[in-house]
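Fit chain B to the known structure of chain A by using the hints.
Spelled out, the chains give:
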Amino acid sequence: MWLKNIAFITLATITLASLANWLLMPPRVQALEQPVVARTNDFDLARQAVDRQFQQTWDEHDLQPASQADDLVIARRLSLGIVGTIPSLEEIRLLEQRPDVDRLQWWVDYLLNDRRYGDYMAERLSRAYVGTENGPFLIFRKRRFVTWLSDQLMANRPYDMLTRDLISETGLWTDHPAVNFVTATVDQDGTKEPDVARLAGRLTRAFLATRIDCVQCHDDNLGGDLKQSDFHELASFFREAQNSFVGITDKKGRPYDFKYLYADEEVTVPAQVPFNRDLLEESGGTLRQRLANWVTHPENKPFARAIVNRVWAIVTGRPLVEPVDDIPLEGSFEKGTLPAGMEPLVNDFIDHDFDLKRLIRLIASTEVFQLDSRADHEITAQHEKLWASYPVSRLRPEQVIGSINQASSLHTLNAESHVLTRLITFGETNDFLKRYGDAGEDEFSLDAGTIPQRLLMMNGNLVNERTKENFIRNSATKISQLAPDDASGIETAFLCVLTRRPTEQESEHFQAKLKNEELRTRRTQDFEDIFWALMNCTEFAWNH
Amino acid sequence: MNHFSHMLGPEGCGTRSHFSRRTLLGAGAGLAWLTPLSQVLAAASQQEKRRPKSVIVLWMQGGPSQLETWDPHPGKKIGGDAKAIDTSVKGLKIANSMPLSAEVMDQVSLLRCVTSKEGDHERATYNMQTGYRPDPTLIHPVIGAVLCHELSAKGVEIPRHVSIFPEAFSARGGFLGNKYDAFKMYDPSGPLPDLPKRVSEVRFDARMSDLNVLESSFAKGRRSDLETNKTLHQEMVNRATTMMTSDQIAAFNINDVSRSEKESFGDSPFGRGCLCATQLIETGVRCVQVTLGGWDTHANNHELQSARAATLDAGLAATIKRLKERDQFDDTIVLCGGEFGRTPNINPAAGRDHWPHGFSVVLAGGGIRRGTVFGETDPEGTKITPETKGAVRVEDIHATIHTALGINFHNYYQTPIGRPMAICEGKPIAEVLADV
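Residue numbers (this note's numbering), protein chains in the order written: chain A, 20 to 563; chain B, 222 to 657.
Isolated chain B, as found in the complex:
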């Protein structure tokens, strides 16, 4: 009866919310053991919790300096020439080269104390993108591949995992299979590679019928499940031709967007990549990674980092704004980070070297708390250990994202050689997860 009393009060019978959907759902969930109807309602209640279903990874290749971006220490020895500005979160300051991001800091969670054990670009990239350190015996899937594997996307005729400006070691499906590899593309202002047909419609159709003749003669006398269980060749041809003719490929094209909208992302390939990423997410793509390189500043650090930060600034701020305007922010998680940070010490060439011992990562969007800062860089520049307050490990970031997405990351995958492998071995960071 308690459930009924909850249903009736405090507004009670006759009020507008008496039989509102929410109150009914509350009752339905409580009486799940009574009627099938309640089960339906309980399921609807689950859907009510709006879970994000896509991820945008803004990947800063080369190792951005935490001190010239999200965690400046002006006036301190480690701060170098970096200046700080106020943000939309009281008391929070970031580098002055990122004024647009400063305005949206109330929408993000900032992790200032990420630690890893990888100081080499390739290995650290792998570590950050998969949540695992490189293991010579297998390749782990990146977060976009896991997402595509775990969550379906019906009706999407274009690849669900996309990498814009891919670099050599990114966006692999790993042991989940290369069908989870990201679709690679470059500046979205240009044509999409390999998509337009080279010949007229009539000739293309004739080519396809030639292909069918060859396929049927190859199938003759061979394993009957060769196509369905092994090559998937014809299936991939069909999916490729479906993509070629799909209306959804418009999502790759940013040339029809208004000039002012395009300019808000900054006049850079990265900015165009970010704009394209938001369009793809709206179309149902699960994960888009956009890479901004050039952060490996062993010399002339301050100038180079600040220039990169300005490019990132416009792209990141506009991505968040557009996702909010289009009501996609709650459906999407934005992750912005690189493979490691840069040393507190400035070297004789005015550069900063690799520093995996305390760097910054930004998380935003659905399931992520807003206006939060967690951890800090030591002003004296000492190494952060996992025991330091506010320190998080790379795998914890992955666990946080999985939690927000509703993926049970404790589940095990069976690798092709039969080795059980948890989706993720981290612990979610409760401080940056929104109350669901």
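Pulled out of the complex, with its shape left as it was, chain A reads as follows:
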């Protein structure tokens, strides 16, 4: 009998050990086959130009920059910025297989080729284009719009072409998803037609990072020189857009009449752009096509600046110019009104056919992106403001939930994940977002967290579900059972949740916790508690 028992125990031990080996050892390195995109000389020149401008700013302000962050810290930033979640343990193991020299470059390319990039970036950009409201019932297809955007981003369609579609496309909201940019403004209760004023406001903020909404009702009285007529003349480009059963089309010759403040009568407003008028084609195409061509004209710098600022903000957590959609129309870095980094990035973006993936690669390669958010010398708010240390910024609700889900799985949750996992995640994501509080269009607000958010993280359902004893689903349980020893179990937990290894002090603290007999907890519960603490700390909820 005892022989049988020993045989069973031996077999069980071998099984567990091989499982542990499979789960905790570096996974196979099949992704190594993915080629690294070769970079040309001009890529390095652009990067150096950005680095030089920041260096010059730090010198001027007598700021000592932080040193370069660890690779894993940078990898976490990149993952949060490009696919909206932290790296999985599987990805960390892959990453650490790469030689130092091209590790981060490979990581950026890996992320940009993952479907999650398209989906995440599309979600972020769509907020600027059509807002977060549900829009007109039936005729507005938000989901279809975001999916189309995601497809465009995955194919790396030049950004000027993509934008031209958004502004000037015609057709049904389902067949031609780009028209949803116009459809989203259709007035449900009044004219049933696109709202030219809302379109003018959206267009200038989303594509030109210029806010002219104020002059919709009166001339600028805050020191600017924009007039009420500037707003309505821009709006007039949308006057021919009409909504019918065949979708959005253009009705040639339709006028736009408006009564200006203090005027006695309505006047017919001509279509005119508020600046860079020489770039507007005199004729040809529909009014919307002419407008689209003007917006995306390579010499219309505000267009490229708007997307560079927004992509920088999405990838780093903070825009170069705040607020993200309000960049001064006049001025350049030489005159001190545009911040370091902006002009070289904009020029490279235009020179390379509005290539978004290249822009992201470029941002990721800069010295400033790779700086640490901590240093041996004192870091002040001024360091952070001028990017001499990496800014600590709040994660968006979607990033938090994406990271909770990812941290609870040792393997990467992506488009290839099991459909059941994705379905469960979808339902729970919506509930979590509702309770955590979506920031809406207010994308880069600098707000701190709230009490309900902390309560949700400490006592809410999602963190509980993702950390509790569940051998099939949760990494906490798997690690508790399969880690060869306490130290490596703790290290694995840290890698899963915080994308770093524990410090000596942390390792000692948690090892002592695992050995503490007084708590009377099982080992699985100990790991549940460790995961709880890791998911509830500042480091998890903030980009750094």
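Hints may be right or wrong, so weigh each one.
Label pairs and their calculated CB-CB ranges [to be verified]:
#1 A:GLY355 / B:GLU378: 45 to 53 Å
#2 A:ASP450 / B:ASP327: 42 to 50 Å
#3 A:LEU452 / B:GLY376: 32 to 40 Å
#4 B:ALA528 / A:PHE264: 33 to 41 Å
#5 B:HIS631 / A:GLU318: 39 to 47 Å
Hint data in this document are derived by calculation from the structure and do not stem from the laboratory.
Note that the Cβ used here is the ideal one computed from N, Cα and C, for glycine as well.
The following block gives chain B in isolation, referenced to the frame of chain A:
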């Protein structure tokens, strides 16, 4: 000397009120330039004016029909099937589906001619709750957020701004910051979400000490003011744990209230929400919004509106009664309204569509005149313009509430991008403000 003579007469020296507090205060206020004592007394006099300090918003999401609730026109074409009943105010009639509210009409001010320019649910909700029309460049704070920002509430360990049955676009702190967002909860007969600890006390304490270790290692080498000026992470954790263990969370629980009291609010989630709102206000919460949805009746209007009105009826009447019984009515303003009204015309599906051109809102409580009706719906169903007699704009309602609360709404806030923004741009409606 005039002040002294006022102090002495007409009852004069030796009478009981000679040196009563009120007469002394009168003198004190008049002699403010003489002695420090008078300043103290004058300040006390200010406190004597009992200002409301809380607001309950009964939010009718979807657009309640003024014609099936507060402004019926039986016998007229626009009236449809609505019948009217008498109320405790002579000559005032409201819809017959609201008999309990009819009894308390002598306690409220009824605005029958509110106008706005927003006919879309999301935009109109924003407009009504913030007093501003949507502006793509910033988010304005709702009234509860302004109230929490303007008035302190010492000793309150639970969130001061609460939304019961929240909907997507309500109760934001806007540019004041998300710490002014409402705490969201659902039916108060159930447990409060996310409040009970998931593990034993001992394990929770151990988790907190684990958290401290992680926090101190994150702080190392980073900005020294990271927590105090930026993340406030630990502060929020502390406030959340304080709330978890506070006795004041009993205010969220309505299960210990007597059955008869609960029934007076009506057997509905909304009624339970109203009961909970009064408890929260008693505990020191500044603003509670309770939402009753289902008013968007593009078809079968009369039946659906009347059913909703019956639910509102019990909740509203019981809220006012309880506030009065608990001596909280003078400390609280009750606002009851939705994003817009419904069309005078009845559509082919027997529904009424969106109508922001003349709808009803109820105000009650501290600083609000009682038994007053202001404005009316045109019996022919024409649109009300701001020039129509008795017409008020949405922002005027906000200005009225701010005035009653003693908030100087002309003050400017500095938005995060440095844009000055008045707390409110309306004009108080003198006709519904009580003499203070």
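Between B:ALA528 and A:PHE264, does the C-beta distance stay in 33 to 41 Å? holds, 35 Å
Does the Cβ-Cβ separation between A:GLY355 and B:GLU378 fall within 45 to 53 Å? holds, 49 Å
Status of the given 32 to 40 Å range, CB of B:GLY376 versus CB of A:LEU452: For B:GLY376 against A:LEU452, whose Cβ atoms are near 33 Å apart, the range 32 to 40 Å holds.
Hint check for A:GLU318 and B:HIS631 - Cβ pair distance inside 39 to 47 Å: holds, 46 Å
Would you say the C-beta atoms of A:ASP450 and B:ASP327 sit inside 42 to 50 Å of each other? holds, 44 Å
Hint check: no violations occur; every hint is consistent with the structure.
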